[in-house]
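Construct the entire structure; sequences and hints are all you get.
Chain residues, written in single-letter form:
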Amino acid sequence: MSDWIPVCSLEDIVPDTGVCALVGEQQIAIFRLNDGSIYAIGNHDPYSQANVLSRGIVGDLKGELVVASPVYKQHFSLVSGKCLEDPAVSVPVYAVRLDGDSVLVQRAF
Amino acid sequence: MEKKKLVIVGNGMVGQRFLEQLVARSDEYEITTFCEEPRPAYDRVQLTSFFSGKSAADLNVVPERFFQQHAMTLRLNDSVQSIEATRKVVRSARYREVPYDKLVFATGSYPFVPPVSGRDRRDCFVYRTIEDLEVITATAARAKVGVVIGGGLLGLEAAKALQNLALETHIVEFASRLMAVQLDDCAGRLLRRKIEALGVKIHLQKATKEIIDGAARRHKLIFADGTSLETDLIVFSAGIRPRDELARAAGLVVGERGGIQINSHCQTTNPDIYAVGECALWEGRIFGLVAPGYQMAEVAARHLVGDTNVQFLGADMSTKLKLMGVDVCSIGDAHGATPDALNYVFTDEVAGVYKKLVVSGDRRHMLGAILVGDAADYGTLLQMALNPLPLPEHPEDLILPVRDGSARKGMGVDMLPASALICSCNNVSKGVLCEAVAAGCTSLLALKNETRASTSCGGCGPMVRQILDGELRKRGVEVKNHLCEHFPYSRQELFHLIRVGSLKTFDAVITKHGQGRGCDICKPAVASIFASCWNEMILKPRHAPLQDTNDYYLANLQKNGTYSIVPRVPGGEITPEKLLVLGNVAKKYGLYTKITGAQRIDLFGARVEQLPLIWQELVAAGFESGHAYGKALRTVKSCVGSAWCRFGVQDSVQMAINIENRYRGIRSPHKLKMAVSGCTRECAEAQGKDVGIIATENGWNLYVCGNGGIKPRHADLLAVDLDDKTLIQYIDRFLMFYIRTGDRLQRTSTWLDSLEGGMDYVRQVVCDDALGLADELEADMQKLVDSYECEWKKAINDPQIMKRFRHFVNSDVPDKNVVFVSERGQIRPARADEREPEAEAETV
Ligand code: SRM
Ligand SMILES: Cc1cc2nc3c(=O)[nH]c(=O)nc-3n(C[C@H](O)[C@H](O)[C@H](O)COP(=O)(O)OP(=O)(O)OC[C@H]3O[C@@H](n4cnc5c(N)ncnc54)[C@H](O)[C@@H]3O)c2cc1C
Ligand code: SF4
Ligand code: FES
Numbered sequence: 001m002s003d004w005i006p007v008c009s010l011e012d013i014v015p016d017t018g019v020c021a022l023v024g025e026q027q028i029a030i031f032r033l034n035d036g037s038i039y040a041i042g043n044h045d046p047y048s049q050a051n052v053l054s055r056g057i058v059g060d061l062k063g064e065l066v067v068a069s070p071v072y073k074q075h076f077s078l079v080s081g082k083c084l085e086d087p088a089v090s091v092p093v094y095a096v097r098l099d100g101d102s103v104l105v106q107r108a109f
Numbered sequence: 001m002e003k004k005k006l007v008i009v010g011n012g013m014v015g016q017r018f019l020e021q022l023v024a025r026s027d028e029y030e031i032t033t034f035c036e037e038p039r040p041a042y043d044r045v046q047l048t049s050f051f052s053g054k055s056a057a058d059l060n061v062v063p064e065r066f067f068q069q070h071a072m073t074l075r076l077n078d079s080v081q082s083i084e085a086t087r088k089v090v091r092s093a094r095y096r097e098v099p100y101d102k103l104v105f106a107t108g109s110y111p112f113v114p115p116v117s118g119r120d121r122r123d124c125f126v127y128r129t130i131e132d133l134e135v136i137t138a139t140a141a142r143a144k145v146g147v148v149i150g151g152g153l154l155g156l157e158a159a160k161a162l163q164n165l166a167l168e169t170h171i172v173e174f175a176s177r178l179m180a181v182q183l184d185d186c187a188g189r190l191l192r193r194k195i196e197a198l199g200v201k202i203h204l205q206k207a208t209k210e211i212i213d214g215a216a217r218r219h220k221l222i223f224a225d226g227t228s229l230e231t232d233l234i235v236f237s238a239g240i241r242p243r244d245e246l247a248r249a250a251g252l253v254v255g256e257r258g259g260i261q262i263n264s265h266c267q268t269t270n271p272d273i274y275a276v277g278e279c280a281l282w283e284g285r286i287f288g289l290v291a292p293g294y295q296m297a298e299v300a301a302r303h304l305v306g307d308t309n310v311q312f313l314g315a316d317m318s319t320k321l322k323l324m325g326v327d328v329c330s331i332g333d334a335h336g337a338t339p340d341a342l343n344y345v346f347t348d349e350v351a352g353v354y355k356k357l358v359v360s361g362d363r364r365h366m367l368g369a370i371l372v373g374d375a376a377d378y379g380t381l382l383q384m385a386l387n388p389l390p391l392p393e394h395p396e397d398l399i400l401p402v403r404d405g406s407a408r409k410g411m412g413v414d415m416l417p418a419s420a421l422i423c424s425c426n427n428v429s430k431g432v433l434c435e436a437v438a439a440g441c442t443s444l445l446a447l448k449n450e451t452r453a454s455t456s457c458g459g460c461g462p463m464v465r466q467i468l469d470g471e472l473r474k475r476g477v478e479v480k481n482h483l484c485e486h487f488p489y490s491r492q493e494l495f496h497l498i499r500v501g502s503l504k505t506f507d508a509v510i511t512k513h514g515q516g517r518g519c520d521i522c523k524p525a526v527a528s529i530f531a532s533c534w535n536e537m538i539l540k541p542r543h544a545p546l547q548d549t550n551d552y553y554l555a556n557l558q559k560n561g562t563y564s565i566v567p568r569v570p571g572g573e574i575t576p577e578k579l580l581v582l583g584n585v586a587k588k589y590g591l592y593t594k595i596t597g598a599q600r601i602d603l604f605g606a607r608v609e610q611l612p613l614i615w616q617e618l619v620a621a622g623f624e625s626g627h628a629y630g631k632a633l634r635t636v637k638s639c640v641g642s643a644w645c646r647f648g649v650q651d652s653v654q655m656a657i658n659i660e661n662r663y664r665g666i667r668s669p670h671k672l673k674m675a676v677s678g679c680t681r682e683c684a685e686a687q688g689k690d691v692g693i694i695a696t697e698n699g700w701n702l703y704v705c706g707n708g709g710i711k712p713r714h715a716d717l718l719a720v721d722l723d724d725k726t727l728i729q730y731i732d733r734f735l736m737f738y739i740r741t742g743d744r745l746q747r748t749s750t751w752l753d754s755l756e757g758g759m760d761y762v763r764q765v766v767c768d769d770a771l772g773l774a775d776e777l778e779a780d781m782q783k784l785v786d787s788y789e790c791e792w793k794k795a796i797n798d799p800q801i802m803k804r805f806r807h808f809v810n811s812d813v814p815d816k817n818v819v820f821v822s823e824r825g826q827i828r829p830a831r832a833d834e835r836e837p838e839a840e841a842e843t844v
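Residue numbers (the working numbering), protein chains in the order written: chain A, 1 to 109; chain B, 1 to 844.
Hints were generated in silico from the structure; no laboratory data involved. Idealized CB from N, CA, C, for every residue including glycine. No false leads were slipped in.
Across the chosen pairs, the derived CB separations fall in these ranges:
1) B:K587 with A:R107: 38 to 46 Å
2) A:D99 with B:T511: 30 to 38 Å
3) B:K783 with A:R107: 47 to 55 Å
And the structure:
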């Protein structure tokens, strides 16, 4: 079973930045791009072991939407969670959607 | 709606360019072009290559189906006979009346034939059109000797043509040297020797009086000094005269010595009539080169479609020629006509090389040059003359031969600004070339096709090549110069674009000059440039997403996701009260406390949501941000100086505080560190800083470009014994120059390494104001100083910003992953083996 959890309003996220939402025990980094789209991946940075991915700079590399870890600057795909520097490493990807202004994350665990 | 009627008289190189400029912008005109010659525009500049096998078709410059495609009428072999400006009609050889709303003269010029008797004899020619060349060729077949009257630029070309036609060739010149306009006596002499060595006979200071029947040959030239010369064929090349006869008859103002007078929009004295190219007279000058004509063509075309912003404001008349295998260049004020001009001259009679450099009286700028026999430096010297680039300390190095292959100082395309005009014929700047390379023009051919650079006189060819090579090298070997995949520019170039374009948002910059969405490389770099240019609060919503996490939270990220706090302690001086505040805050929030390597105090281990609380207390106690998180001024280290130290000669603490307060908050390509020592014992280690100041009996010695860190470098002495005011002026200029031109994450030491001309160059810019930029640099710095505000003070008073200082958007609980252990009486981040097992597990 899965249900959608409202975590914040779109307003809470400055365009082209991220925030971190706590859903159960999970830390989820949610990004709002300046075209209005939203993405969600794990907040845990597998390289520094710190919960900081939501604080990274978002952008694109060769067309792939990414966030750069603020610690050692590895890039993670916002779509697949894959690390661009090392395909063997990835972070989880979460389903998100907007309901009006409300940002919902799917609890699938 | 009926279209306005436009008539163009003349389809030469400039007339053709005008048409291309016009139809590219608008189709609002119905256009008729009259062309006296039997073929549309061709490359007159390359006319002489007709003799080396080029056909009329090869010289054609009109794109295929150009006139059909744009539904224009071209009347070949039809010359305009008169113009009735009041009724706005023209009459041609074949048409009785053609009405116009706007008229453009592009009639060029005709070769001047001196009024000597006998000039109308058979086999006397001029050298201007393909037809001229055809008849010269035909005549040469039955001739043995040819004479060119006129030893100027075109005369020499004509002589070359005659020689190619296997005639015994003579040049007769009225003046005392060849190319009298462009060269001086010495250069003229050298050129003469070279041309004579090729078998051409040169007769100087000969005024032709009359031409009569010869004895052995068809003609005999009688000179004013009584001597004579026999020949079969004569080519007059004694200068050109603008073709202004129609304009004159139509009542337009023409110059005393000819030329249709125009204003800076290329309008004649009748605003509906324009003139462009060699027939036009602007501020008393005619321009016998194609590049200025092209500029006029663009100006007139734009004006005709309502764009009044561009103007024709004169043009550079520098020339580079290869005459009979001899390189000859003349740049700018080659004769040193500017008052106080100074010359440097180098002659090598063995190799046949002559070089003259003309510089301004204060030896700051190059004014002009002459090169004979070796034109390799034409491009660079031309750029030095056109752009206000400072001369190297020893200007003679620019023309002296270099031994052992070492590179010439102060040279190279890298130092040119993006705006530098590289191809003057086609108005192509360095920036445009770099852009084209970035967009995929990786061969010379592709680059020429794309930009048109180097497609006319070819004089800019070597420079275009250098720029191409340089750009390719940068992309291959040294990619670092292009910021990232989103911007095909270096930081310096981007700085220029942002500043000049007054761009204030990342969207504007990337839309205009980049592609994609940006990344963690270009966003902070652009944010830093914004800060250096406009100094807006970095956490404004439009700037916040660009900031690196340290700047985003105005604190330094630590390995476990917490932050450190470094308040500013100007000059390292701190009162006991303030020390107590730091102690109390650290105690209250349980922060690890350390004296840093730069005379201040760092408080570590603050969680993101604690930062505003801590700073509220610090700001209340009078602390300001120390910018330990920014690419900005860190500290100005001081020694105790003359106030206490028995050796101190100046108040180093006061100066350190002044300087720290002046430059705090200013963003730069990389962090900046400074120090002030009170005497030569140098307790503040100023020579290891970007800006180091050491007190002397008479003032201050200023050192720059020092560095500790990864690759230590001692600072270089920039200036000595400065008073307080000059010291600040120099630092202002130095910093602003670095901020403008440094690469991303380039400390001043590595920046210096990358500057051609090195410290000499920096000194010229900063101390001698060789770029004439000093006032601007100081004013820019003053703007930054005046607009300083403590970022933390602003942040804690802005609820929108404060909202972002929380770990979870939907919960106030702290991040459980942050775990400290105790060591030596303070906290430190727990290592993996010291953590609670579930703290690990929760994030898997
Ligand atoms: C805290 C401090 C060490 C200390 O405990 O004393 C320190 C800490 C860091 N230094 Fe440093 N440096 C500190 C003084 C220095 C000094 C000494 C000085 O400034 O007098 C140097 C050598 C002098 C110099 O820079 O020329 C120094 C050379 C570096 C370098 C190498 C720079 C270089 O050009 O090679 C880096 C790396 C960089 O900036 O890219 C660096 C980078 C860092 C960073 C920012 C690394 C990072 O990204 O986390 C550290 C951040 C600490 C923090 O969170 O606050 N730090 N660092 C010192 C803070 C001084 C201050 O009050 O602001
Ligand atoms: C041999 C030679 C070498 C040169 N080398 C260089 C060089 O290296 N670099 C450089 O910059 N410049 C050089 N020039 C000069 C350059 O060719 C001219 O500056 C350029 O051609 C001027 O262009 P224009 O359109 O103004 O005039 P033109 O090219 O002369 O075109 C004017 C046209 O208008 C026609 N015309 C005139 N009156 C009428 C009328 N009443 N009705 C109809 N048509 C009319 C003429 O027949 C002609 O075709 C050289 C010129 C020559 C001859
Ligand atoms: S070295 Fe000079 S300046 Fe430094 S403390 Fe000693 S005396 Fe003062
Ligand atoms: S300068 Fe003449 S072609 Fe470029």
